[in-house]
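In order, the protein sequences belong to chains A, B, C and D.
Numbering-wise, the numbering used here puts 402 at position 402 of the first sequence, and it's gapless, one number per residue.
Numbering-wise, the numbering used here puts 66 at position 66 of the second sequence, and it's gapless, one number per residue.
Numbering-wise, the numbering used here puts 6 at position 6 of the third sequence, and it's gapless, one number per residue.
Numbering-wise, the numbering used here puts 274 at position 274 of the fourth sequence, and it's gapless, one number per residue.
Since the hints were derived computationally from the structure, they do not count as laboratory data.
Nothing here was measured: the structure is a model prediction, and the numbers come from that model.
The beta-carbon is built from N, C-alpha and C at its ideal position, and this holds for glycine as well.
Where hints are given, some of them may not hold.
So the derived list for chain D, only partly shown, Cβ under 10 angstroms to chain C, looks like this [stated by the list, open to error]:
(1) 10
(2) 16
(3) 17
(4) 21
(5) 504
Listed below are the residues making up each chain.
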Amino acid sequence: MNFTIGHLILVIVGAGIITAIVTKFNRLSGSITALLLSIGIAFVCFYPAFHILPISFTTGDYTFIFNLSTLSRFFLMLFSGMFPLVIMATVSTKPKAHYYFFFYLILASVIGTISSQDLLSFFFFFELMTLFSYLLVIYKKRAIKAGLVYILMGIIGGLSLLLGIFYVFWLSKDFRISVEILKGSYATLFLLSLPFLIKMAAMPVHIWAPDTYKESEDVYTAFLSGVLSKLGIYGLIFFWFTWGIYGLSAWGKVFDVPVTGYIIAWIGAITAFIGAVYALLSEDVKKLLAYSSISQLGYILVGFGIMSSLGWAGALYHTLTHTIFKTMLFIVVAGIIFRLNTTKLSEMGGLIKKMPVSFLTLLVGIIALAGVPPTMGFASKYLIYSALFEKKLFLLTAVVFAASTAAFLYAYRLIHNIFLGPLKTSLKNTKEAPLPFLIPSLILSLFLVMFGFFPGVPLEWINNILMSLGMKSIASTFTTISTSLGGFNGLLSSSIFISIFGIIFILYLILFPKAKWVNDKNTFTAGEVMHNTDLLTYSSHFYRFLEREFGLLIKLSVKKLYDNILGIFEWMFDVARKLLYHGNVNGYVWAIILVTLTFVISFLIGGLR
Amino acid sequence: MKQKTEQKKSLNQGGKNMTEEKSIDFFEYFIGPQHPGITGNFGVILNAVGDEIIKAQANPGYLHRAFEKLMEQRMYLQNVPLVCRICVPEPDVNEALYSMAIETLTGIEVPERAKYIRTIVLEMARLAAYLFYFGGTAATLGLYTLPNWSFGDRDYILDLFEELTGARIYHIYMQPGGVRRDLPKDFTKKLYSLLQTLKKRIKEYDGIFFDAALFKKRTKGVGVINKDMAIEYSVTGPNLRASGIAYDIRKDTPYLAYPDINFNVITENEGDFYSRVMVRRREFEEDIKILEQLIDKLPSGEVWNRYPMPLNWKVEKGDVYVKVESTKGEYGYYVVSDGSEKPRRIHVRGPSMTHGIMLLEKLLKGQRIADISPIMFSLDICPPDIDR
Amino acid sequence: MNINILYAALAPIVAILLGLLYIGIGRKIIARLQRRYGPPFYQQYIDTIKLLAKKTVSSHGVFFSLGPIMGLAGSMVTLLFIPFGSAAPLLSFHGDIILVMYLVVIAPLGMALGVGEGSNPNGSIGMARGLTLMLAYEVPFVLALFSVVLYTHTTSIAQIVQSQAGEWSLLKFHGFNWLTFALPISAIVADICLQGMLGEKPFDQVIAPHEIASGPMVEYGGKYLGMMVINHALHIYIETALFVDIFLGGGPVWFFIPATFSVFILSLIINGVLPRFRIGQALKFYWGVPLILAVIGIIYTMVVIK
Amino acid sequence: MAWNDILKPLSGWKFLFKKPHTIRYPKEDKIPSERYRGIHTNMIDKCIGCGSCEKICMNQAITMKEMDVEVKEGTTNLRPVVDHGRCCYCGLCVDICPTGSLWLSRDYRHLSEDIDTFIIDPNVKEKEREGWQKAPEFSLIPPERGKMEEIPPEKRVKSFMEVFVGYTEPIAKEEAQRCLGCGLCVDACATHMHIPDYLKAIREGNNEEAVRIMFKNNPLSEICGTVCTHFCENVCPVGIIGEPVAIQWEKEFATRTIEDYKKIIDTTIKEKKERVAVVGAGPAGLSFAFYLRLKGYKIDVFEKYEKPGGMMLLGIPSYRLPRKVIEKEIKFITSTGVKIHTGTQIGKKKTFKELLKKYSAVFVATGNTKPYTMGIPGEEGKDTLQAISFLYDVNTGKKIDLKGKKVLVVGGGNVAMDAIRTSRRLGADVYLSYRRREVDMPADELERKEAKEEGIEFMIQTLPIEVIREKGKIKAVKYVPTDMDFSEKGKRPKPVPRMNDVRTLEVDIIIEAIGQGPDLTYLEQEFGESLKIEKGKPVVDKNLMCSIKGLFFGGDMANKQNDIVSAVADGRRAAEGVHNYLQNK
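Between the sequences and the hints, there should be enough to build the whole structure, so can you do that?
Structure follows, in structure tokens:
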């Protein structure tokens, strides 16, 4: 069955309208409708028999082109695959009609973005996505302030994109990207990269991310962080590929890496490290995940910045991995927040006995996050390290490795503070998160483990992309990945681990007597009389000593810098306001005359040219 | 005043204050009474944010043996074996003080030789206590070699004690009127050769511990007691001298044989952990000098002046306060006699009470969990001495 | 190949026995340093058997019990990817140094889960410190490995061992091929990091008895503690074997075992004469001198290659 | 931070190959020092069971338990058992132990799971002495008793003034402090006076209480305080390391401070109908009368002589026992309602049978009045005096002039002492002949000492074998020295005369003081066979009742000790016996 991308987008918008109408009458049936429709859309995107055809239409001089490249297809599957899972998680929160409507619109605009092959439509859909996303971010009242920052950064990104497009148009007089006209212009490079760096929350422009992720609707955060941020890497590859990897090296090479890529890699590494540090110091579960998200996207940037096939493979692999585990983590955490009504880590604790399924999924999630073998997290880390080793980027390696070790720290903190430790008395009656939260997270964790056993499966798709981009593919089978330096066998290592674990576990069951279960309330009394067992958990400021060591880092936060700049602007405008609005009629008159004169003079000068 | 209200709050741990406390994300950390980092049966309840302490509350009383009450139930001589048990690392101070108090009350003269022997015992106990202290402090910092060495060397002193008094720890050697037995044969010779060995050994300690870079890194600037604070909290002993105040009871109000001995009062200026350790380390050498002088000047003669039959011994009515310098600080006994066979009241002024409760609570505020037990050890707190 | 499988099957047992023996002899040596005689060298076997023979087991939850199992399994998997000298590469052709570096983490992660479920703040602080320490030493260690990879052009441990292989005879000294001589600075850095990996002083903040009452072990007893002791023995063997494989050329069994032992003993006697860092100081330390040394080492390597 | 500081700790490595300095227990062993205070050891034979260790122990670790040991005089069958779980090894028990039987050995290891095994019986027969032992100079018990003022011998020999000065209050108090409170003396004392109790009262300054305690057992306390055989002091454990506690003098001190006993002792009496007769107003009779009177019986005392007091009055010279003391005591006894009929000799004016009819019970305590004789040639004669009759004469005021005469007194008891000192005061040169060693003398040490001071020559280990007379008058005495035969164990050594070494001593008068026995002839006459008599003394049961119902015997005539305190004890015992007898009749 054949249909065009236009049809697809229209169907999605239609599904959104239908869902909104149904939701208006009954929220539950609306949610179910949304779920069913989203599954349908995913099916359409995934089923190989359905061929999505390109479409183009011309208005005046300009031709809008929509086509799905191999790269776009990868992202399409990623987005459309995650979409029903996220929608499923919203079922129990029973959102209002416009929530689903905007959700579908976001998907539509995302698909529009990744399928646009010309600059204007790309800009159009990209901005639409930001707008709808903003509307969903401020779905909860508490997020209005954070949403403001989000939309502000979105607008800055959009303006930068627009400016870049105009610049490109000024240079080539054409809006199509396939034209090779860009001979190493730094300005274009900067203007066309900035919106995606903002989207990926890379370090100096990340400031929207923590607050937005924290305050936005809990399930939507999963989509925002897990899925939408990946548009950034798509955009980067989309534009940078147009420049051509070899074209970029015109500016010179450092360590066999193009200078621009090297800079991006450093931005990524610093983002990864500082994000991880902030993550391990944060006291709020969503903020922790937000910083973790920033940090993980830093890896993708590193992989991207290396500009080798291994690096891009790593970046794409990590895109996949991160999409899966971060979506899952946010869904699990949303389930926990749904039950506890708090996001503070210090108010959680000991939930393992109350929420075992959530615990297991979260455990798989953090193992993947940490990149430890039986999950696919390792493969992506492996590829990135191999890329770094291959190019001998030792300082980058050090920073990235520090970041990935710091990931252990906040990953452990996440699971420890939520699930381990003594159960808070206030959480005595907590129940397991509702099924709509559990099913998607279970599905996703299954993927994480499965690809951990067969790391070569996703790599095959990625190889396709690499080849379509004209790069070398990575040698792999279903179970192994190998590089010029070495390789590993995912099935072997994971299955040996599982089997040894099984053997010891069976031995344990046979040899160990039935353990006497001890209430965790009577641990660590050290002979003292406890008056409040809730105070016993070591959870808040878990890494206080690091807080002390990284004190300088926290002091020099980027947000403060922005605040200072804002302060200067405020002061300037204040002065200006005082000059203009001084209450004297003469002054106003003079001002109007001055402005009119300026316009006239500029028209005259323009006319003269 | 502020502290008082805080304490009141913690005492009224009802449901009301919970909400207030919850807003600060501290956790409650019990260090002790069952904890390797505690000097004895003693607890500190800490409110900590991460590993930073925002409030410390000393929690003594786990070793309360009601010594002061027990002493009222016992005859005067029966208290002699009891008093030394107040503090393990340095029990002789108690014996000396108790005997001095009874002697002052009854007017029993102490023979000159007995005075010297007592001083020798006190100084030997001081050396032993310092070796104990060095080992304990090194152990809290994780260096377990030094305790093994210093406890081994302390055992040589204990061997001499055993030879002199018949026991290693609780000597029960001094009693009103003098000491129980004269020095055994060749005792001073053995003591002298031991002192020479210890002089060499302390140099070896320097190498592994006192001069070590890591030790300085861990201890400098930790738990600072400045001069004003030292006076405000009535800090005594080496802890006071570490803050730069040259106060030593042995020098200021000499007792026993100290008037005849020449020695320097050691001081350091910083008042931090490092100076507290270094004051003791330097005093160690000074004490060796004192002991050498004592051996030289030891007179001959009787060692004990008899008192009445202990079972029916009645001490004259009156009260007295005596004090000596111990390794922990000023040790004092206030004895009240009502003229009967048993003391009416004995109050022990132990230095650990002031150091271990008020000062410790103050010092621990703002410290890290890793520094709790080093600070506690550096103050030389002896919990049995708190819980008399 | 068959012999290799046999080795692989026996490797955990051999490693446990060797690790326990190392600890036993180590106790003896530390005792000598402290002017004691110390327990007999087989004391650690007795202790472990005693712990495993204990009857009562008290648990705080499922993961409290699974934690040590996961730790043990993680250690054993790691073990299989580290060659037994040049004699038996085991599975090391199926996974390289990056895999090993991540496999090593499974054991602490498993332990951390168990410790967390134990809900003792001492254990939690211990884990927080342990992870921080990992953050501290991994960075210079990875750079030290980086220089090895630069030098040997491979990340496979077996190939690194092979690259150092030379003739073994009385006349020809094997050591001339060692990476220790080729990359001395990196070897020193790796050894400093090994101190932290083994948790020997000055980097034993994790179990610091005077501070957090043995940290992670505080809630465990009986058979669980026995498993932790075995895990510790395995850990010691793995770390030292990794070091010997990479920097001392692996070598045949008769060289490999004494070499691992000597590496362990070196770290142990350093442990014997030093106090411990505060955890923040440990981080500062590792990110100070060793890091700079590691960078120098890499630059040196680059110079050497050219 | 110098490089040196970083590398210096490695200097610790030099011990890596040095020999450790620990001791490998159990392969090696540290030998404890000579003074080590280890585990208790007690010589069971040497221990007297005084219980001082139990009292000084601050932990109550020592308990005295009854053991199967031979109980000698002045010992108990109690021996210490130590609970080492409580012991603090202070060694005070060793330092106070009067006998030195207890010490702390150098062994110190005891390992057991059973707490009961920590209770150790430290008693051994023989063991090498090591460890913490008693050092005499550091004994916790002051060895010397409080000094009493003395009258110089030159002065006291001239008259019959009282030689006994008595304690002043501070010294009495100090002396009373020396008492261990063991109570061995209570057992040794015939009257079982509560000695530790009244000593305690004395040192607390409460003399009235002390006297009250004394009078519970002894109504003639002041007399006993003045003259007594003080068995109590003989067994006093303090005596082992020095001088025993001066119990007698303490008693004397306490009683003397009381003017009138009536004021302090409660003598309210519930009258009973029964009447009891007492024959003989000696110590036994008086104490019997007193205690039975307190029980409410009506008492009639019959006394042969003109004054009550018996042997106390007649046999003891007034320099030792002033008359006013006796009068004070008797006055107190009579004040309770005891009637004393002086000058009434039973057996002559009234018969015993009459008494038995008239009274519910009769207590006979007529004392020893028949002196023994040596039975050597030339003994009989006017100038061979019997000690008691001599003393009787002196005490009743008969003028006997011995000025310038040489007197030989034979015997070694207190009577002999009285005799020699009385003779000395009458102006004679006195010799004392005793067949055993001086230590074997039954007389008090103090008496002997004072006698020697007064210039009396002691001829120890001599045995007179013949009196040489000229014209019926004694001229000299032949005597032989003796050797001691220790062959019989457990008994006093036997003198063996050296018959080939005969010596002579010129004397004028011989006073025999070799003992006396009761005169039972009048009883035998009256009762004949129905009164059982053995060895010259009537056979009595534990109530002191003889084979005739209602007839009780006591005092010297019934017991073997022949002294005041035993007589007093008999009187008290008999009072109990009579009371029991009358209640159960």
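Satisfaction of the residue 10(D) interface hint, Cβ to chain C closer than 10 angstroms: It holds, given that the least Cβ distance between residue 10(D) and chain C is near 6 angstroms, below 10 angstroms.
Interface restraint verdict for residue 16(D) against chain C (beta-carbon cut-off 10 angstroms): holds (6 angstroms)
Interface hint compliance - residue 17(D) to chain C, C-beta minimum distance less than 10 angstroms: At 7 angstroms from the nearest chain C Cβ, residue 17(D) passes the 10 angstroms test, so the hint holds.
Interface hint compliance - residue 504(D) to chain C, C-beta minimum distance less than 10 angstroms: Cβ of residue 504(D) sits 86 angstroms from chain C, so the hint is violated.
Supplied contact hint for residue 21(D), tested at 10 angstroms Cβ to chain C: holds (5 angstroms)
In the structure shown, a violation is registered for the earlier hint numbered 5 alone.
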